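Protein sequences appear in the order of chains A and B.
Here the first sequence stands for residues 1 to 520, where the numbers follow the UniProt record's numbering.
Here the second sequence stands for residues 1 to 154, where the numbers follow the UniProt record's numbering.
It is worth saying that the hints were derived from the structure and are not from the lab.
Since this is a predicted model, take the numbers as computed values, not measurements.
Warning: the hint list may mix true and false statements.
Claimed, not checked - Listed below are the simulated BS3-like cross-link pairs for lysine-lysine, each with C-alpha atoms no more than 27 Å apart in a straight line:
(1) 114(B) to 171(A)
(2) 324(A) to 118(B)
(3) 492(A) to 383(A)
(4) 114(B) to 163(A)
(5) 504(A) to 383(A)
(6) 171(A) to 118(B)
(7) 288(A) to 163(A)
(8) 44(B) to 163(A)
(9) 123(B) to 163(A)
(10) 106(B) to 163(A)
(11) 383(A) to 143(A)
(12) 106(B) to 171(A)
The primary structure of each chain is shown beneath.
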Amino acid sequence: MKFTKLSRVVCYKHTAVTARGFSTVSNKKWQSVVGLEVHAQLNTESKLFSGAQNTFGGVVNNCVSLFDAAIPGTLPVLNRKCVELGIMTALALSCKVNEVSTFDRKHYFYADLPTGYQITQQRNPLASDGVINFQVFTPGIHKKPYRKSSKIKQIQLEQDSGKSLHDAELKRSLIDLNRAGAPLIELVFEPDLEDGEEAAALVKELVLIVQRLGACTGRMEEGALRVDANVSLRRPGDPLSTRTEIKNIGSVRGVAGAIRHEIERQTTILNSGGRIINETRAWDATAKVTIPMRDKEVVQDYRYMPEPNLPPLRVNLTTDTEHKDILSVPLIQDRIPELPDQSRKRLIEQFQLRPETAIQLVNEPTLLEYFEHLTSEARNPTKVANLLINDLLTVLNRRKLDADDCPITVKQLKEVTDMLLNKEINLEICRNVFDELIEVADSDVSPLRVVQEKGWKLTSNEAEITKLCIEVIENNPKLVNQYKSGKTKVFKALLGILFKNNSKVDMSVVSKIMEGLLKK
Amino acid sequence: MILKLMNRTSRSLNLIQVACRNLNTKIPISPVPTLENEHASTVKVDRNTIALLERLSLVSYDTEEGVKILEDSIAFANKILHVNTDNVEPLYTVLEDQNLTLREDKITQGNCQKEILKNAAVKEDDYFVAPIGNIPLHEVEVEQETTKVKQNEN
Chain A
1 MKFTKLSRVV CYKHTAVTAR GFSTVSNKKW QSVVGLEVHA QLNTESKLFS GAQNTFGGVV
61 NNCVSLFDAA IPGTLPVLNR KCVELGIMTA LALSCKVNEV STFDRKHYFY ADLPTGYQIT
121 QQRNPLASDG VINFQVFTPG IHKKPYRKSS KIKQIQLEQD SGKSLHDAEL KRSLIDLNRA
181 GAPLIELVFE PDLEDGEEAA ALVKELVLIV QRLGACTGRM EEGALRVDAN VSLRRPGDPL
241 STRTEIKNIG SVRGVAGAIR HEIERQTTIL NSGGRIINET RAWDATAKVT IPMRDKEVVQ
301 DYRYMPEPNL PPLRVNLTTD TEHKDILSVP LIQDRIPELP DQSRKRLIEQ FQLRPETAIQ
361 LVNEPTLLEY FEHLTSEARN PTKVANLLIN DLLTVLNRRK LDADDCPITV KQLKEVTDML
421 LNKEINLEIC RNVFDELIEV ADSDVSPLRV VQEKGWKLTS NEAEITKLCI EVIENNPKLV
481 NQYKSGKTKV FKALLGILFK NNSKVDMSVV SKIMEGLLKK
Chain B
1 MILKLMNRTS RSLNLIQVAC RNLNTKIPIS PVPTLENEHA STVKVDRNTI ALLERLSLVS
61 YDTEEGVKIL EDSIAFANKI LHVNTDNVEP LYTVLEDQNL TLREDKITQG NCQKEILKNA
121 AVKEDDYFVA PIGNIPLHEV EVEQETTKVK QNEN
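Isolated chain A, as found in the complex:
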């Protein structure tokens, strides 16, 4: 009896903890298993098999070739760039690129799929057996970053479908075929993850990698990278259990939220003696719940068949020779830039940054670029990194701006940083300067002039500061007495009082003068 009570308490504690999102480790009873499938749109001019434009937000039904609309008699011709970007991504993820790959038809009926089948690579994919290594670190959730990896089963080239707008009121769908036939790579990951935070970290890393490679814009808000998550629970040591699939999650935080919710939902069902059914669910980002989709518990049969219109795709795995129809994999390998994981290692080794700082810098490509520029001249790397992460990012977040859209130029940033490092301004004023620069968004504005015009410059005038210090000492005899009787801690309180009344002073000078005055 006692025992059950005790375990219940532990259980409650656990649920409370997960609800706040602090613990990401599964409870003792159930182990959650998460596997991802990611679709990434390739960053090309034209589509996978047709010469129509591959773009986001074009005129409705205008970027459509006769092939994309499944007009009889049209045939697919594969875009060389898609093969190149697919192989590049595969190599960056340590995959084995397959010398011969083939295409298959996957059949299903849907209004935004004109042919009634999708051309994909099921039997012999472009590449297989890779791995992604990443750091799991969400500030506020994890105290320390930890390393995690997930194996990649395969990477395949495939067509995207068109887009449907659902009009629930009139019970109809509006179809735009601009996306039909757009090039995708699908990355199938093994179920190696345990929770939403790990999945979110994997997706974030993948976004950074494909952006570095220029293979995909990584803009999840435009649907350029979409995530399906398979979630199941099991007793530790047991084989994999029935899973549910959450389709089309469109943001990194959405991945974390959807999976956390789904684990909680399945835990509740299993704890009350229920059974999980194999179903497809959708993530409602506004209501923060997963909801079932219509095709409940029906095993889909896609009637895969080899695509008869496309002979096998062959690549050269060994030499630098290539011609029109055969790409050289070694040549593609040579063009792979520094990857995010390498950047983090370099930042830690070269600049002695803390791992957390390196992770946050690499997570924001714009900040990383600023950092590289600022540290190319002699500036304290740790201070620069902290300024970017803690201050610039805070100001941007407050304005709900993406770091990528930050209008501050490198030249402006250098000026602000130097003023701060030379103690001409303090952190608070520094943030104000950032805010002002973002507000005017003008590359010609000099931060130095902004500080002068607004009268934000710090005083380091000793006579002036001495006057302020004497004032504080005279007004706070109690604290001064405490200090003189040995309670040196109150020194900070005295400085605080001065700063409260007058924030535009160089506190290091204040500190020196105040100490001198008190010791008299």
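Fit chain B to the known structure of chain A by using the hints.
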């Protein structure tokens, strides 16, 4: 006319066939048992499978004749199961020896909204209009639907 003639002379035709078989050593003179197991060759497809196939293919054949045609087709295709294909790579296309042609990443097509929309039975604001598809449903609605189905079954 020809058919009638053939019926009348069927005996003599049989004789000719026998003669042909004698000339070609690959064709046995009399029927021989194959690898096929006659007891296992009867194909039956149950109603649930028919319903699933109809949904997958959007073809309706839920009549006695339709089911018969399907079963016969399966029986016909099943003959291949009696051929030994061990260590034989399946042939997916006769173009297997050729390389896939690649094209440069250039915009050469599209920009023909008018032509594309000519195929629309119904359109609105340059969109194709289609019946509503597989969309997320709120759990309440799903429950309502399942109870409805159950009532119908009763």
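Verification of the hints:
{"no.": "1", "hint": "114(B) to 171(A)", "verdict": "26 Å, holds"}
{"no.": "2", "hint": "324(A) to 118(B)", "verdict": "36 Å, violated"}
{"no.": "3", "hint": "492(A) to 383(A)", "verdict": "23 Å, holds"}
{"no.": "4", "hint": "114(B) to 163(A)", "verdict": "18 Å, holds"}
{"no.": "5", "hint": "504(A) to 383(A)", "verdict": "21 Å, holds"}
{"no.": "6", "hint": "171(A) to 118(B)", "verdict": "23 Å, holds"}
{"no.": "7", "hint": "288(A) to 163(A)", "verdict": "23 Å, holds"}
{"no.": "8", "hint": "44(B) to 163(A)", "verdict": "40 Å, violated"}
{"no.": "9", "hint": "123(B) to 163(A)", "verdict": "15 Å, holds"}
{"no.": "10", "hint": "106(B) to 163(A)", "verdict": "23 Å, holds"}
{"no.": "11", "hint": "383(A) to 143(A)", "verdict": "21 Å, holds"}
{"no.": "12", "hint": "106(B) to 171(A)", "verdict": "39 Å, violated"}
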